[in-house]
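Q: All chains should be modelled from the sequences, with the hints used to inform the complete structure.
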Amino acid sequence: MKIATFNINGIKARIQALSDWIDEANPDVALLQEIKSVDEAFPREHFEDKGYAVETHGQKSFNGVAILSRLPLEDVTRGLPGDDTDHQARWIEATVVGEKAIRICGLYLPNGNPAPGPKYDYKLAWMDRLKIRAQTLLKAEEPALMAGDYNVIPQAEDAARPEAWETDALYRPETRNAFRRLTNLGFTDAFRARIQGPGHYSFWDYQRNARDRNDGIRIDHLLLTPQAADLLTACGIDSATRDREKPSDHVPVWIELDA
DNA sequence: ATGGTCGTGGGACGA
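Take the first sequence: its position 258, counting from 1, is numbered 257 in numbering that gives the first Met the number 0, and each next residue is one higher.
Hints in this document: simulated from the structure, not taken from any laboratory. Values in this document were obtained by computation on a predicted structure and should not be read as measured data. Accuracy of the hints is not assured; some may be wrong.
[Said to hold, decoys possible] Cβ pair distances, simulated, as ranges:
| id | residue 1 | residue 2 | range |
| --- | --- | --- | --- |
| 1 | 154 | 120 | 21 to 29 Å |
| 2 | 96 | 204 | 36 to 44 Å |
| 3 | 61 | 257 | 32 to 40 Å |
| 4 | 48 | 184 | 35 to 43 Å |
[Stated by the list, open to error] List of simulated lysine-lysine pairs, PhoX-like, C-alpha gap at most 20 Å:
| id | residue 1 | residue 2 |
| --- | --- | --- |
| 5 | 59 | 11 |
| 6 | 49 | 1 |
| 7 | 99 | 138 |
| 8 | 99 | 1 |
| 9 | 49 | 11 |
| 10 | 99 | 118 |
| 11 | 11 | 245 |
For every residue, glycine included, the Cβ atom is placed at its ideal position computed from N, Cα and C.
A: Structural data, given as structure tokens:
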């Protein structure tokens, strides 16, 4: 089973680029972030015609997550638990039923800039809530994953110029510590389980010719429970997607599971 | 320190 995460930066502007990537990459499941659309405006028929089930959790203009799946989706839930006052659309879950059932969580973690400040406080509080949900997932002792745009550069090797990010909400020590506390619960960063070393990125800013200079960062991650990590057979980043017409500033990251 | 580029929606704001 091929499962991908892709921050598309707006479904309206990205419908062609997303469709082209789906036709080539053929993911069984695609977790999308920043659909920037309400549920009613998401072009669900376009992807249903390609054979995908479509579940969205959107809002007007900003944020928004979705799941596309060739396999049936069950028990879909929307919103990260833990704060009834938080109405930002950043979390969606479903169970994908293939040979094995896998609980799949798609997330768009808050950017948090400028830091320090209220937006950074919101990011760290969101990560605290994520940790609680993660602990519950682990307790089930079943194959599960949390994938999406984490807006976290885990280590220096995950940035072309780490020194440029030192005060940024994506790389500040509190951010990396919170991410490490999360993974230390027992999750596997699928990419680092398969591929070592610097130079692997999932985001390049639109500004300053960042892509041409390969001035990127790795902030899109798939974290696996031990039971899911046992099924991992491959992982990759579709970097070439960044060089197409009207690209997102992120590219897809994918895994293959023996499921 | 500033400005550089996108998407959404039709003006700023978020990234």
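Q: Would you mind confirming whether the straight-line C-alpha gap from residue 59 to residue 11 stays at or under 20 Å?
A: With a Cα-Cα distance of about 12 Å, the restraint between residue 59 and residue 11 holds, given a limit of 20 Å.
Q: Is 36 to 44 Å a correct range for the gap between the Cβ atoms of residue 96 and residue 204?
A: holds, 38 Å
Q: Does residue 11 lie within 20 Å of residue 49 when you go C-alpha to C-alpha?
A: holds, 18 Å
Q: Below or equal to 20 Å on CA atoms is what counts here, so check residue 99 against residue 138.
A: Within the cut-off at roughly 18 Å; holds.
Q: Range first: 35 to 43 Å. Now tell me if the beta carbons of residue 48 and residue 184 are that far apart.
A: holds, 40 Å
Q: Could you say whether the range 32 to 40 Å given as a hint is met by the Cβ separation of residue 61 and residue 257?
A: holds, 37 Å
Q: Are the Cα atoms of residue 49 and residue 1 separated by 20 Å or less?
A: holds, 16 Å
Q: Would you check the hint for residue 11 and residue 245, treating anything up to 20 Å between C-alpha atoms as holding?
A: OK: residue 11 and residue 245 at ~12 Å, within 20 Å.
Q: Holds or violated: are the alpha carbons of residue 99 and residue 1 at most 20 Å from each other?
A: Given that 20 Å is the threshold and the Cα spacing comes to 13 Å, the pair holds.
Q: Take the C-beta atom of residue 154 and the C-beta atom of residue 120, compute their distance, and say whether it sits inside 21 to 29 Å.
A: The hinted range 21 to 29 Å holds for residue 154 and residue 120, with Cβ atoms some 24 Å apart.
Q: CA of residue 99 to CA of residue 118, is that 20 Å or under?
A: The given pair, whose Cα atoms are some 39 Å apart, is violated under the 20 Å limit.
Checked against the numbered hints listed earlier, the structure breaks hint 10 alone; every other hint is satisfied.
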